[in-house]
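Engineer: Sequence:
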Amino acid sequence: MSCFRCFSPFWASAALRAVVNALNRLAQNDTSIELDTRAGGEIGESCHSLHRIPPKTIEIQRLQAQAKEEEERIELEKREATMRLADNLEATVKRISDGIASAVSELEATAIQMAENARKTSTTPIR
Numbered sequence: 001m002s003c004f005r006c007f008s009p010f011w012a013s014a015a016l017r018a019v020v021n022a023l024n025r026l027a028q029n030d031t032s033i034e035l036d037t038r039a040g041g042e043i044g045e046s047c048h049s050l051h052r053i054p055p056k057t058i059e060i061q062r063l064q065a066q067a068k069e070e071e072e073r074i075e076l077e078k079r080e081a082t083m084r085l086a087d088n089l090e091a092t093v094k095r096i097s098d099g100i101a102s103a104v105s106e107l108e109a110t111a112i113q114m115a116e117n118a119r120k121t122s123t124t125p126i127r
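Those letters in the sequence shown? Residues 1 to 127, by this note's numbering.
Do not rely on the hints blindly, as some may be mistaken.
DEER-style ranges, computed between Cβ atoms [what the hints assert, rightly or not]:
1) N29 to T82: 34 to 44 Å
2) K78 to S32: 46 to 56 Å
3) E90 to E59: 43 to 53 Å
4) M83 to M114: 18 to 28 Å
5) V93 to Q113: 48 to 58 Å
6) A27 to A81: 40 to 50 Å
7) A118 to K78: 27 to 37 Å
8) A81 to T121: 55 to 65 Å
The set of hints was computed from the structure by calculation and includes no laboratory data.
Don't be surprised by glycine CBs; every beta carbon is placed ideally from N, CA and C.
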């Protein structure tokens with residue numbers, strides 16, 4: 001009976017249908033295929049080949065996810081570096097601005113003092 005099954009058109013059709021179904025599932029990223037690899041001939045070879053695809057597909061998906069995570073990490077690092085640069089620039093500008101404000105205050109105080117001295121000098125009689 002086992003030999004009859006090997007040569008039965010019904011069995012070949014069912015085995016081929018199983019291969020086609022497995023291919024369709026793989027095309028939809030379903031890697032949980034199970035095929036009878038005991039068949040001989042081209043159908044058996046196809047079954048053996050199909051059994052090697054899911055692990056490779058899973059590895060490709062893992063590598064793609066890893067690459068995506070790496071891209072996200074790099075993008076986050078870029079944003080953080082940009083924020084640090086902006087913070088440093090802001091701190092530098094504030095420090096310069098504070099220095100200028102301080103210098104202006106000192107100049108204003110000096111100008112007031114000079115004006116006061118000039119006023120005193122002009123109102124003091126010469127002897």
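Engineer: Could you run down the list of hints and mark each one as holding or not?
Structural biologist: The hints, checked one at a time:
1. N29 to T82: 34 to 44 Å: holds, 36 Å
2. K78 to S32: 46 to 56 Å: Violated, at about 38 Å.
3. E90 to E59: 43 to 53 Å: holds, 46 Å
4. M83 to M114: 18 to 28 Å: For M83 and M114 the Cβ distance comes to about 46 Å; the hint is violated.
5. V93 to Q113: 48 to 58 Å: violated, 30 Å
6. A27 to A81: 40 to 50 Å: Holds - the Cβ-Cβ distance for A27 and A81, about 42 Å, lies within 40 to 50 Å.
7. A118 to K78: 27 to 37 Å: violated, 59 Å
8. A81 to T121: 55 to 65 Å: holds, 59 Å
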